[in-house]
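Sequence order for the protein chains is X and C.
With our numbering, you'll find the first sequence wraps up at 395, consecutive numbering, no jumps.
With our numbering, you'll find the second sequence wraps up at 395, consecutive numbering, no jumps.
Fair warning: there could be bad hints in the mix.
Repeated chains share a single entry, so a pair holds when one copy, or any two copies, can fit it.
To be verified - With a straight-line Cα cutoff of 25 Å, these simulated SDA-like cross-link-like pairs (lysine to any residue) come out:
no., residue 1, residue 2
1, K81, S353
2, K239, H124
3, K81, A93
4, K239, A20
5, K81, R264
6, K239, T339
7, K81, G378
8, K81, D220
Because the hints were derived from the structure by calculation, they are not lab data.
Predicted model only: the values in this text are computed from it and were never measured.
2 protein chains.
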Amino acid sequence: MTSFDLSAGAARRALAPTGAYDDDDARERYATAVWCQLIEPGDSVAGRLIAAHGAAPALEAVLRAGTLPDVTPRELAEGRKRWLPRLSARAVADSLSMAAARSVTLVTRSDPQWPSQVDDLDAHAPVCLWVRGDVTALRRLEASVAIVGARAASRYGDHVAMELASDLAGGGVAVVSGGAYGIDGAAHRAALSSGGLTVALLAGGADRSYPVGHTQLIDDIAERGVVVSEVACGSAPTKWRFLQRNRLIAALSAATVVVEAGWRSGSLNTAGHAAALSRPLGAVPGPITSATSAGTHRLIREYGAQCITGADDVRELLGLGSGSDARAGVQAAYTGESTRVMDALSTRGWRESGDIARRAGMAADTVEGLLGLLRLDGSVEAGTEGWRLARRAGG
Amino acid sequence: MTSFDLSAGAARRALAPTGAYDDDDARERYATAVWCQLIEPGDSVAGRLIAAHGAAPALEAVLRAGTLPDVTPRELAEGRKRWLPRLSARAVADSLSMAAARSVTLVTRSDPQWPSQVDDLDAHAPVCLWVRGDVTALRRLEASVAIVGARAASRYGDHVAMELASDLAGGGVAVVSGGAYGIDGAAHRAALSSGGLTVALLAGGADRSYPVGHTQLIDDIAERGVVVSEVACGSAPTKWRFLQRNRLIAALSAATVVVEAGWRSGSLNTAGHAAALSRPLGAVPGPITSATSAGTHRLIREYGAQCITGADDVRELLGLGSGSDARAGVQAAYTGESTRVMDALSTRGWRESGDIARRAGMAADTVEGLLGLLRLDGSVEAGTEGWRLARRAGG
Numbered sequence: 001m002t003s004f005d006l007s008a009g010a011a012r013r014a015l016a017p018t019g020a021y022d023d024d025d026a027r028e029r030y031a032t033a034v035w036c037q038l039i040e041p042g043d044s045v046a047g048r049l050i051a052a053h054g055a056a057p058a059l060e061a062v063l064r065a066g067t068l069p070d071v072t073p074r075e076l077a078e079g080r081k082r083w084l085p086r087l088s089a090r091a092v093a094d095s096l097s098m099a100a101a102r103s104v105t106l107v108t109r110s111d112p113q114w115p116s117q118v119d120d121l122d123a124h125a126p127v128c129l130w131v132r133g134d135v136t137a138l139r140r141l142e143a144s145v146a147i148v149g150a151r152a153a154s155r156y157g158d159h160v161a162m163e164l165a166s167d168l169a170g171g172g173v174a175v176v177s178g179g180a181y182g183i184d185g186a187a188h189r190a191a192l193s194s195g196g197l198t199v200a201l202l203a204g205g206a207d208r209s210y211p212v213g214h215t216q217l218i219d220d221i222a223e224r225g226v227v228v229s230e231v232a233c234g235s236a237p238t239k240w241r242f243l244q245r246n247r248l249i250a251a252l253s254a255a256t257v258v259v260e261a262g263w264r265s266g267s268l269n270t271a272g273h274a275a276a277l278s279r280p281l282g283a284v285p286g287p288i289t290s291a292t293s294a295g296t297h298r299l300i301r302e303y304g305a306q307c308i309t310g311a312d313d314v315r316e317l318l319g320l321g322s323g324s325d326a327r328a329g330v331q332a333a334y335t336g337e338s339t340r341v342m343d344a345l346s347t348r349g350w351r352e353s354g355d356i357a358r359r360a361g362m363a364a365d366t367v368e369g370l371l372g373l374l375r376l377d378g379s380v381e382a383g384t385e386g387w388r389l390a391r392r393a394g395g
Numbered sequence: 001m002t003s004f005d006l007s008a009g010a011a012r013r014a015l016a017p018t019g020a021y022d023d024d025d026a027r028e029r030y031a032t033a034v035w036c037q038l039i040e041p042g043d044s045v046a047g048r049l050i051a052a053h054g055a056a057p058a059l060e061a062v063l064r065a066g067t068l069p070d071v072t073p074r075e076l077a078e079g080r081k082r083w084l085p086r087l088s089a090r091a092v093a094d095s096l097s098m099a100a101a102r103s104v105t106l107v108t109r110s111d112p113q114w115p116s117q118v119d120d121l122d123a124h125a126p127v128c129l130w131v132r133g134d135v136t137a138l139r140r141l142e143a144s145v146a147i148v149g150a151r152a153a154s155r156y157g158d159h160v161a162m163e164l165a166s167d168l169a170g171g172g173v174a175v176v177s178g179g180a181y182g183i184d185g186a187a188h189r190a191a192l193s194s195g196g197l198t199v200a201l202l203a204g205g206a207d208r209s210y211p212v213g214h215t216q217l218i219d220d221i222a223e224r225g226v227v228v229s230e231v232a233c234g235s236a237p238t239k240w241r242f243l244q245r246n247r248l249i250a251a252l253s254a255a256t257v258v259v260e261a262g263w264r265s266g267s268l269n270t271a272g273h274a275a276a277l278s279r280p281l282g283a284v285p286g287p288i289t290s291a292t293s294a295g296t297h298r299l300i301r302e303y304g305a306q307c308i309t310g311a312d313d314v315r316e317l318l319g320l321g322s323g324s325d326a327r328a329g330v331q332a333a334y335t336g337e338s339t340r341v342m343d344a345l346s347t348r349g350w351r352e353s354g355d356i357a358r359r360a361g362m363a364a365d366t367v368e369g370l371l372g373l374l375r376l377d378g379s380v381e382a383g384t385e386g387w388r389l390a391r392r393a394g395g
């Protein structure tokens, strides 16, 4: 039995900076904030316990070292060993105060703003989200795309990320990314410039601007879009949290597009999560001589990522129509018998149809029929001396 | 009944500049040369007749207007209308003289040098090939790749074509292309420079250098590789013949790779033939901002072409092994629990394992086990005060 005050009173006191709640709501919300301190993102044992019992009952059971039907005794014992050393009412109260000070809202799975698409992560789903900015935006991500990529992006990558994000966000598709230097930053900035919605998922607390050089950008996103993290305010971004943040980017977005990535880029991790979630995955090709495109080519070659050449391709990935309608007919126009008739004509002199047929190696009556059709579309001209190629025609 | 001297005597006289043959061989070879004058490449009615009866018997039947079991009376009647206006013993004799003068060899389907892979074209297979250079090379194309692309190639495209062709041809893979400006020329040149085999398929007669600016290159290819055409010597390259030449490039090669291509490039036609023949198809990506890569991205998106990033990928396309073995383990190394332990360590100060476990949110015994492993590979150091990150370690 571990001693910890999980009473409604303690909960309401800790939550006071963030708002007033009735007893049950306060206890559940407080217990969620406590869980946030105990676990690292993606803890599937905690995930199963909370999903099955609620945050407060699950925490109570863990504190009293009871058995629970949804996890094995061994899983629970291992869980207690990693969770309880972190138990601190002080730390939870501090994180809630920091959240209140920076206008960061705690969104739990029972709140109406909860983005239910992240539940596709099952036991690895976040237990809550800390949100700075427009909380309602989380429920407006049906049309959304994660645009991610290398921090050390090339000018080409920056340019493409901006073009894609500007076009998509301007057209009502939310642009989700990780707030990092390089591709992420270019995508966020272009989305903001186009007046569209953009969402930044941070690996550290939503109260912290990371990287520091993006403090202004992240503030802008919070003001006009939304900044999200699953770790409590005050938490540092660690490599593990970056990797887990990537799974959240993939889960929150309807599709993921990697613009540039080195051979072992972290963006491939985001792409892997998108693929594991059966979310559509796209990758932008680039010069094969560029190290920053090695990862996107790898995604196309080895992971079945769609080759993305523009915003229309992303909309197609999202099932929003558009795409290449000009596809049909191209080959037909160049391989038909009319090509052979055209080959046998000249712009310079008139030729009679028998001559044309012999040159084309086709029967005269076939050639005459085709000449009539070609005249209709303006490709050839008829005169008293025969036929010739119209000046505007050609390959 | 159309009058034409198809006797062994006439055949031997016409073939005299090219060599001496016995009666049957002379008649069949001469009839093949006659067929070459009558038809355009890919004529499937002629193809079926010649495959079923041989060139001479098929021609005799056409001349006497008999019926034949392998084509419908209508097909035969249509065929006669397009073939017979071109019948000219003079033209055939001229083409054979031109061939002899330029050392162009007529290779028929019964010759041992016939490259049987082109028979995959069925009725659309060529009835013969006119070959300048090393005729035996046609039977050494098991390991071969067509490297084709835009005439108006970019410097990037030229560079990639040269790198691929040089590496592949130098390693024993024959490089097949169309002798055109741009990608084709770059591929041929690099293959020659590397001392490998290269094959140029021309749309006009094998005696003609087309384009004129590539006269020296095509002469070089004839000298150290082989120049091939299915149309008779003296024939002009027409658009139809270019398109049919493309089918032959695809059929002669074990795989086709398009390096650069505009949205409606003729190279897409070659790629379409490769796909229709179930030959492996590859395309090299490039910047999505480059018009000369629009066609290759289209092949990857719409035609299932493999994304080619280097010569190894081409060898993989050809089933010659190689490829990316470095694939495994990359993600595992970055997502394991060891990452969390590393996150919880510092290079600056020593930390004891309980502290590390709490920071990592993991059980102390798990952390201790992992610290031991990490010490073995040199990632962490152990001291009397605990553990720290080795200086060389990091993300």
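Legend entry - Hints violated by the structure (numbers, ascending): Hints 4, 5, 7, 8 contradicted; others consistent.
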